[in-house]
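S.K.: Sequence:
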Amino acid sequence: MPKLYKYVIAPVLLVGLVLAVGWWKAGWFTSTPLEKVALGDCVQITGTGSELAPESVDCASMEATFKVVAKGESISCGEYDSEFSEFGKGASSEKLCLGLNTLQGDCFRVGLTAFERELKVDCKTNLGRNSVIRITKVAANSTDPSFCSETDSVRVLADRNSVFCYRPNE
1 MPKLYKYVIA PVLLVGLVLA VGWWKAGWFT STPLEKVALG DCVQITGTGS
51 ELAPESVDCA SMEATFKVVA KGESISCGEY DSEFSEFGKG ASSEKLCLGL
101 NTLQGDCFRV GLTAFERELK VDCKTNLGRN SVIRITKVAA NSTDPSFCSE
151 TDSVRVLADR NSVFCYRPNE
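Number 170 marks the last residue of the sequence shown (UniProt numbering); no jumps.
For the record, the hints were derived by calculation from the structure and aren't laboratory data. Just so we're clear, the structure is a prediction, and the values are computed from it rather than from any experiment. Cβ coordinates follow ideal geometry from the N, Cα and C atoms, glycine included. Some clues are possibly wrong.
[To be verified] Think about it this way: if two alpha-carbon atoms lie no more than 25 Å apart in a straight line, the pair counts; the simulated DSS-like pairs of lysine-lysine are:
1) K124 x K95
2) K124 x K137
3) K71 x K95
4) K67 x K137
5) K67 x K95
[To be verified] Pairwise CB distance ranges, derived in the manner of DEER restraints:
6) E94 x N130: 33 to 41 Å
7) G47 x E73: 20 to 28 Å
8) E150 x G111: 20 to 28 Å
9) S131 x L103: 15 to 23 Å
10) D144 x L103: 18 to 26 Å
11) T151 x S131: 14 to 22 Å
The whole structure should be built from the sequences, with the hints applied where relevant.
M.R.: Take a look at the structure:
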């Protein structure tokens, strides 16, 4: 019996433990999509209707429309942030505050509801459309509107200590 334990059972238990830890770190045991995203993550919203879910993506990708700017149970989202909560059985009691993931050169379609898929759009294929704006500058660690040129519109996000400048995508 000691040889069976030493050469068969112990290695199987060790492999099982390593797999379980790996799955846990990868988020496989997390019960909801909201719990899989972290503060500062860039996300896209997937699903439809009542099945919307945040999914972490690379911040430089076209899918990275939002950035998680706050996460918790008793938080208030800023004036320009979208609130995301889960509902139903097994839903997380936390909520997310999602701000636009604005990078210089990005284009956004304005006038849509917060979680519409085509919020961040390709600038070249949407050139000249009145409903599309281009981000011309982004300043982190500043709330000074003079950062933007006189021909740009400005959005100051005081709660995030940042400013972004934009104009029509012409």
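S.K.: Give a verdict on every hint.
M.R.: Evaluation of the provided hints:
A C-alpha spacing of about 35 Å is found between K124 and K95, which places the hinted pair above 25 Å, so the restraint is violated. Distance hint between K124 and K137 is fulfilled; the C-alpha atoms sit about 18 Å from each other, no more than 25 Å. Annotation: proposed proximity of K71 to K95 holds, straight-line Cα distance about 6 Å (limit 25 Å). Proximity of K67 to K137 is assessed by CA-CA distance (about 17 Å); at most 25 Å being required, the pair is judged to hold.
Restraint check for K67 and K95: satisfied, since their Cα atoms lie roughly 13 Å apart, inside the 25 Å limit. Between E94 and N130 the Cβ separation comes to about 38 Å, which falls inside the hinted range of 33 to 41 Å. G47 and E73 have their C-beta atoms about 23 Å apart, which keeps the hinted 20 to 28 Å range intact. The given range of 20 to 28 Å is respected by E150 and G111, whose C-beta atoms sit roughly 25 Å from each other.
A beta carbon spacing of about 20 Å between S131 and L103 agrees with the range 15 to 23 Å that was offered as a hint. Checked against the given bound of 18 to 26 Å, the beta carbons of D144 and L103, roughly 19 Å apart, stay inside it. Between T151 and S131 the C-beta distance comes to about 19 Å, which sits within the given range of 14 to 22 Å.
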